[in-house]
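Asker: The task is to assemble the complex, starting from two chains supplied on their own in separate frames and drawing on the hints.
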Amino acid sequence: MRTALLLLALSGAANAESGPASPVAVLSSDSAHYRQALDGFTEAWGSTVTVLSLGEVPPPQAWAFVAIGSKAAARRWPRDAVVVSCLAPSASAGDGAALTRVSLLPDPAILVARLRALAPKLRVLRVLWSSESAREDAEALVDAGENQGLVVLSERIDPPSLLPERLRGLGDPTDGLWLMPDPALVNEQSFATVREYAAARRIPFFGPTEGLAERGAAATVSVTFHEMGRAAALALRARLSGRPGPETVRAARVTVTVNGPAARAAGLGPRFVGADKVLP
Amino acid sequence: MRALLLLALAVPASAQDDAFEFFREEAMVSVASRRPEAAWRAPVAVDVVTAEEIKAYGYSSLPDLLRFRAGMDVVCARSADGNRAIVSARGFSRDFVAEMQVLVDGRSAYSPFLGGVYWASLPVQMQDIERVEIVRGPNAALYGSNSALGVVNIVTRRPGAKPAGSLSARAGDRTHATAEAAEAGGRLGGLRVSHTFRQITGNPGPSGAGEANDYLHSNKLNLRALLTPNEATELEVLAGGSWQSLGIPGVVPVQASKRAEDFEMLRAVRKLDSAGALEAVVSRAAMDVAADPLFAGTVDVRTYQYDAELMHRVGWADERVNSVVGAGWRLTGAYSDQTFAGHPAQQNEIKRGFTHHSAELTEKVTASAGVSLEDSQVGGLQPSWQAAALYSPHEDHGLRFSYAHAHTMPPLFNKYGDYRLSAPLRLAGNAELSPQQLSSWEAGWRSRALDGALRSELAVYLMEIRDRNFAFVRAPGAPSVVSYDNRNRAEAWGVELSEEYTLSPGRVLFANYTYEKVRDDKGPTDAFRTDLRTATPVHKVNMGGRALLGRGFGASALLGYKDAYDANSSTRGTRLAVKRSFRLDARLSWSPRPDWELFFAGLDVLQPYRVEWTDGTVLPRRFEGGVTKRFGL
Chain A
1 MRTALLLLAL SGAANAESGP ASPVAVLSSD SAHYRQALDG FTEAWGSTVT
51 VLSLGEVPPP QAWAFVAIGS KAAARRWPRD AVVVSCLAPS ASAGDGAALT
101 RVSLLPDPAI LVARLRALAP KLRVLRVLWS SESAREDAEA LVDAGENQGL
151 VVLSERIDPP SLLPERLRGL GDPTDGLWLM PDPALVNEQS FATVREYAAA
201 RRIPFFGPTE GLAERGAAAT VSVTFHEMGR AAALALRARL SGRPGPETVR
251 AARVTVTVNG PAARAAGLGP RFVGADKVLP
Chain B
1 MRALLLLALA VPASAQDDAF EFFREEAMVS VASRRPEAAW RAPVAVDVVT
51 AEEIKAYGYS SLPDLLRFRA GMDVVCARSA DGNRAIVSAR GFSRDFVAEM
101 QVLVDGRSAY SPFLGGVYWA SLPVQMQDIE RVEIVRGPNA ALYGSNSALG
151 VVNIVTRRPG AKPAGSLSAR AGDRTHATAE AAEAGGRLGG LRVSHTFRQI
201 TGNPGPSGAG EANDYLHSNK LNLRALLTPN EATELEVLAG GSWQSLGIPG
251 VVPVQASKRA EDFEMLRAVR KLDSAGALEA VVSRAAMDVA ADPLFAGTVD
301 VRTYQYDAEL MHRVGWADER VNSVVGAGWR LTGAYSDQTF AGHPAQQNEI
351 KRGFTHHSAE LTEKVTASAG VSLEDSQVGG LQPSWQAAAL YSPHEDHGLR
401 FSYAHAHTMP PLFNKYGDYR LSAPLRLAGN AELSPQQLSS WEAGWRSRAL
451 DGALRSELAV YLMEIRDRNF AFVRAPGAPS VVSYDNRNRA EAWGVELSEE
501 YTLSPGRVLF ANYTYEKVRD DKGPTDAFRT DLRTATPVHK VNMGGRALLG
551 RGFGASALLG YKDAYDANSS TRGTRLAVKR SFRLDARLSW SPRPDWELFF
601 AGLDVLQPYR VEWTDGTVLP RRFEGGVTKR FGL
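So the sequence lines, in the order shown, correspond to chains A and B. So the first sequence is numbered by my numbering: it starts at 1 and just counts up by one. So the second sequence is numbered by my numbering: it starts at 1 and just counts up by one.
Hints are not guaranteed to be accurate.
Unchecked claim - What follows is a set of in silico ranges between Cβ atoms, one per label pair, in the way DEER data are often shown: (1) GLU136/A - HIS394/B: 29 to 39 angstroms; (2) ALA199/A - ASP531/B: 55 to 65 angstroms; (3) LEU272/B - ALA117/A: 39 to 49 angstroms; (4) GLN199/B - ALA199/A: 44 to 54 angstroms; (5) ALA431/B - ASN187/A: 51 to 61 angstroms; (6) ARG76/A - TYR561/B: 32 to 42 angstroms; (7) GLU432/B - PRO78/A: 51 to 61 angstroms.
Said to hold, decoys possible - Over 10 angstroms on every C-beta distance to chain A, these chain B residues come out as not near it, computed from the model: (8) GLU234; (9) ALA256; (10) GLY545; (11) ASP563; (12) ALA564.
Since the hints were derived computationally from the structure, they do not count as laboratory data. We put the CB at the ideal spot given by N, CA and C, even for glycine.
Isolated chain B (complex conformation) (with noise of 0.2 angstroms):
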């Protein structure tokens, strides 16, 4: 028996020889799969901004840090509601992007009333978060509805196990903000707190010149409570708000929109074993709009969003299979007197089941699945599915297939809105509107060299949209009226390359290109419908690098390139050929001790200022310094 057991444990030499395997095995992370994996082996194309990347490159709001990561598509647009930004992931941008899910720590940030996520009035700050993890591509199996073109989720920095704080203050031509934050814990948990101010002033009118009434003062507060009563369970209690007042760009006198944000949620974790947990959330969240510009006169509206999930993980056979199961509940809703006319109170409840499942099939092969089936109010029963396949034939490639199929749930004013947007135009929205249906197909490789040094990813995709939701002037007149429909189809196709290079510690280059090409079923066209073929730039490149410089000095530079683009609004009906253009932003810091920081940055310096969308929202270019004190290092 022992003779038996020697030999059944003899160890080949080639075992030794990787220093680092061990410790890989040991290592967990990313949530790509709704568990912890790790990011290389996810079965979606998935790109991951870490902390240390915001602060090398200053990156003071989440457009800002989205706009130079491969797939992305980021338009300074709609400061007169208080975004500021409209975000997509592999094109089809428009005014609200409805297929994109954006996640705060796992909470839906998407906005139930007109679709798409409100940047600018999100209760996290840049200083809170740990890291942005982009997932390109349908996830809805996973996500549910709403996340067919990817999602970004943000992971925000829990409290550290001893006190520790930080005191920022940044000042520019056109901008100052102030932030602050505190935490303290010990063994059995932590608190952290922070808060941020900002404020924008003096940017200039739709032609550059003169000020354009486009003002934004914003607080914003979080607090984030962890307890470990022991090791094998957590609870966590997040809470946050954001508070806004603005202008209106182009509204003389000074007309003032009162936007206020705020969201609660309890997080229970149970570890089963080291592959298995039991997960509830429960979360509410809402919002309250005052004199909202995005319509003409004043419009109120107030959303919500009540959410409970329960999540299982489980690891199978010696953990070659690894199973997520989940139910979720959401009711979400939003009321309007104006927008829902006579019917001011519009809500939808959401019902869902989903389950994941990978399996390592041989060493270099491993394949993964997941479906959803969600039943709602305002979609009725859709299901969704995702099957990969990824395969590894040498540890540092990794070449990944995958297929999968997401719905897109229409926004509430899209199905049940009635508005008077002004004397002559009215929005109407079709109670019969069904959600969108999108199927994908993906090849990707991710390779590692020179030691780690050097990571490329290359993902070519094929995506078709059909029932796509779209609006267009139903009935002409006076007023016309513009509603919605799904008579369109859709087929875009896409190249996403990314390399990025460490020539030393803290010395990192990086470049992205992006091909994406859409075609657009001929419709019914007008100017409220968005022809998808020329909404998206064919080509996007992006490059940029940080370095420490020695003495405590820092620089980092981004550059991107955007081609040619037709900017199309379907709620105000208006178009804008935007030109191809450039973009550098550039940072230079100086820390003459570790626990204070100077730096003095330049935004979009290449132009004076620069037009995205159709709305007169005009980004200036910027200069701006400022100071970190950290304390408790």
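Chain A on its own, in the form it takes in the complex (with noise of 0.2 angstroms):
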């Protein structure tokens, strides 16, 4: 796979002299995830993509980027290059480099809309992440809640080991729990508090990937790393139209993947109204 990368790039690089705006995508490794995103990125884009590892040289007059990952999305840019960050939740600008990031959370309105046509008992929502590159995102939820007649509470979990403590300290009402797709949050044993602490209350558990489902949450509104790649490649092209837009973009089509036995567990279904997959 090294190999078919480097491939890619030598030959990239060849074309990219071609025309200033063909981009380059620079990878924070060859794991399957940052490869579905430029697979989607790819596939959106619709010509030529320069692919290069983390540690290559961009070519020269290369001013166009995709950062796929946060290693990726960290590293040096060119003054004035214009820079598009997927799968990069702790991505930010910096140098001078224009960078537009495409947030690992669904549009937060249509995140709340799904949430809430699957679980029309919910009333309060308490929203956990850890990382201050989060908060933008949970702040955006909880406008959007706002906006839907969903009481969403930001709860910062800082230090995240400090999770079990937080949770048990969590006020009422409690209707739900959703785990932002914040990096030093999101592991083995602290989705393992969190689904163990909303089984216990007997409340729903919601994530935002699609595995974590599959590992017990009971429902997960999430967008593929695929269609991230996609909303990245909409998002650089619009850059390079010229066409000022967000700091911040959001993929619009969403998964919702429901568990079945934890979702009817935590007091949701019978029916799971807008549910894309539901899991036996």
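Answerer: Below is the structure:
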């Protein structure tokens, strides 16, 4: 796979000379999730993309980039470069490069609407997050809830090791929990902690990636990595055409996956309105 | 081209199985290699104590926190000079443990005067600690001299992004303490200020009866300011102080000794890319001791330390190779009219360069190596190096093999001291004393099971110390002259096994076992020379657990067993055979609301008092209760 990437890089580098707007994709690693995003980006872009691994130097005339993964997003970019990042929750602009971020979080308005359809009794949703970089998404979710009559309470868990204590201290009412796509917080231990907390109180626990439904979350509202890559391509194209755009863009196509047994145990159902998949 | 591209990007289905893989790759932790790194892949044995554990077990001091950890040896001692504890890793416990480095937010807290660390006066507060990283085994290639047995890295809390604070008070039959903290911040940085007052009184005398003149009044004040002008730059100012007055056990009438310690540190970090950063740190620290009762009579000592360090972290070759390159300068010294007779000002200038590299050779094999070259007035030119290989046949299992060589700089007093301790006894340094050399071979295994709920670690090590620094009677007579020498060699081997099992959220059990066997070459044998063969307990077992019980209640318990050992003071020439013992600490807490906590705790509840050292320090059974109110949760 590394060889394939290298070949792509070499062939891409040659193509990049044909036009300054030919984008360069930089991957944090050749892990599957980054490659899925690259796949989506390439598909939506529709023409040749130069692919570089993290240690490689981009062609000197390149100025349009998609950074896939936080490590890639954190590299030093040419001044005045146009950069779109995806799968990079801690990405931020720096050194004069204009960076647009594709959020891991689906459009909050769509997310809240899908949760409300799935859980009509949901009144108070607690949003768990830890990293400063997740603050913007958490605040966006609070705003979206307010617009749709759902009380969304932002609960920062900092440091993440205080999660059990903070859960214990959560006040009532709490009708559901949403785990933000925050790498500082999403791991086996914290997932098990939240899942068991929710199970003990018979409230639904929602997560941001489909795999978490397979691991026992009641439901997930997620954007695939492939879809995030597509969103990155659209954002980059918009930026290169000179259209002003937001610093953060979100993929519109979401997938709702329900873990049937876990959802029923949390009081959801019997019909799962709006579910794209129901896991038995 | 398009076809080739899509072919190249085909994703194997199995790669999508792990729901956490993406988040795991995005997350970075730990500083075992002086760069962010998954603790799982650390090239040394690392044990991390988190803020959550500190709160759940209610640790009120750092030695109590370290006492129940694998491989650590904690002795309640030296309350006379305000220290109240001797802490060592992997054996070699004695009055002043010169082979273990203690860092507070990266700043060395090692005392250049007599060696070791003054735990009680360390200007760090329990309420500020974010985590404590305990690195067992040599790490001198990264941290320089005096880190041959291990490094304790205390990381304090950064100011949060919104206003928060806490007030707490605790009181018991021997102690009372209050602590306050406040912090505020925003996107551009923040500020945290904290204060702790602690008082210990009423401890019994050496026989367990009466009352020793063993009191401690301590105030600590810390400040931490963070400025982040942009996402790539961090500027931090850390400052703190500790002020103590203490009584001297056995001395009547009451005699007060004063100890004041302060530090200031400025750190600037410029992030270069995902793995690269440039870090510069300058710091100053000083300690003033008035009427130090460690020695007979009154001794005034002032120590100081200035540090400057520049470090560059960089990732190469798709970040499969990560490197750290750095250089440091340190000026450290001690001033005392009494203990350096005729030459009161003694100092040591240290210049050091170091580099460390780790490389992912294959998906399963990682190799790392580091080297340090240090030049100092006291120790001359001293190289240290270490190398490790990690093999992970499975994602949840890791094998580690390592070799390290580290040197230990003799304390200034051991080299230049000259002090009439009492009429028949004079302590005299040895200007020819050279650094002792430690080599260590180690194999380790880490594993995770049951979705990470069960974590295990096993380490087996063999150490050799050449040119070991020891005290002995150089010239019997009146007065006898006690001095220091290197004519000694010691070997130690040991096994450390740790298990931690998370039963359910907030319910954790742990157990660890430590076996240590030390062989000591025959050298001069007298009351001052510590016999290492018997000074280290052979078996130590610790176990404990913490649980959230529902309705706001929480409970924790710690049980430790320690084999018999011989305590031997190399500054007083006294010995004590300490019997094997158990220690049980237990704590019950109740949070009627998330921002309130009430607790009741018993420490060392199995026996009325404990004596672990030769100096008459007595640790009585203690009961405490307290309350904490938090703001801005």
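Asker: Give a verdict on every hint.
Answerer: Status of the hints after comparison with the structure:
{"no.": "1", "hint": "GLU136/A - HIS394/B: 29 to 39 angstroms", "verdict": "38 angstroms, holds"}
{"no.": "2", "hint": "ALA199/A - ASP531/B: 55 to 65 angstroms", "verdict": "57 angstroms, holds"}
{"no.": "3", "hint": "LEU272/B - ALA117/A: 39 to 49 angstroms", "verdict": "46 angstroms, holds"}
{"no.": "4", "hint": "GLN199/B - ALA199/A: 44 to 54 angstroms", "verdict": "46 angstroms, holds"}
{"no.": "5", "hint": "ALA431/B - ASN187/A: 51 to 61 angstroms", "verdict": "55 angstroms, holds"}
{"no.": "6", "hint": "ARG76/A - TYR561/B: 32 to 42 angstroms", "verdict": "54 angstroms, violated"}
{"no.": "7", "hint": "GLU432/B - PRO78/A: 51 to 61 angstroms", "verdict": "59 angstroms, holds"}
{"no.": "8", "hint": "GLU234", "verdict": "12 angstroms, holds"}
{"no.": "9", "hint": "ALA256", "verdict": "40 angstroms, holds"}
{"no.": "10", "hint": "GLY545", "verdict": "14 angstroms, holds"}
{"no.": "11", "hint": "ASP563", "verdict": "32 angstroms, holds"}
{"no.": "12", "hint": "ALA564", "verdict": "36 angstroms, holds"}
Checked against the numbered hints above, the structure violates only hint 6.
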